[in-house]
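Peer 1: Sequence:
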Amino acid sequence: MSITQFLDTPQGRRIAYHKSGQTGPTVVFLGGLKSDMEGTKAIHLEEWAKARGQSFLRFDYSGHGESSGTFEEGCIGDWHEDTVAAVTALTDGPLVIVGSSMGGWQALLLAKAMPERIAGMVTIAAAPDFTEDSYWAGFDAAQRAELEDKGYVELPSDYMEPYRISKRMIEDGRKRLVLRSPLQLNFPVWFLQGTEDSAVSGEVALRLIEHAEGDDMQLLMVKGKDHRFSDSTCLKLIESKVEEVIEGRGVSQ
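In terms of full-length UniProt numbering, the sequence shown opens at residue 1 and continues consecutively.
There's no promise every hint is true.
In silico EDC-like links for lysine to aspartate or glutamate, alpha-carbon gap of 16 Å or less [claimed, not checked]: (1) K223 - E203; (2) K50 - E203; (3) K19 - E72; (4) K150 - E73; (5) K19 - E73; (6) K34 - D92; (7) K34 - E72; (8) K34 - E161.
Hints are computed from structural coordinates only; laboratory data are not their basis.
Since this is a predicted model, take the numbers as computed values, not measurements.
Full structure from sequences and hints, please.
Peer 2: Put into structure tokens, the structure is as follows:
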């Protein structure tokens, strides 16, 4: 078991991470909202990467896992800054990004920020623009008033304690939207989506692939799978699509 290491970012946050392997491209796992780098998908991919000698990075956004800060203080832009800081300081050369749920949004933001580094991408139930299209759009008048008065609202979760969604998260999210402006993905991309996902609708996946521009994008809808997308079948599928991006579609060190 490797020991957690820490990176101090230019913004003054302390990011926990695990880095392994030497062979490029570096596979970077970007987790979901309130998830951490000890999740099933992150650990499975790390084991897969170690068996290949593949360079691999997993980390906790600020306010998540072992990193500094609290979730309630964070927002999409903070976690984007964390992602940029981590890949800039801890990796060299081409990157293959694997983004799960909110991590899918982060993957797309990273592709906009440093397109020259991205060699491929696999997303799992990607949730771009969810602060606007899911949270804000779904708030009723009472919730919008509560957000204004208290600075936050609490939303139930199927997977853990309620999410406390801050006014800052909503307002910052509006600055990070990727489905309202051109989104160029000039590298191999797989979008993976379960048909039984109750957190991110399959309509989001369809909207994403229709909106994004690129010559090598594919969407795979997997019947019967939910938002976790982490049973043995799903894990093998993620692994195979990352391998395909690296080996079968021309990504090299």
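Peer 1: If you check each hint against the structure, which ones fail?
Peer 2: The structure breaks hints 2, 3, 5, 6; every other hint is satisfied.
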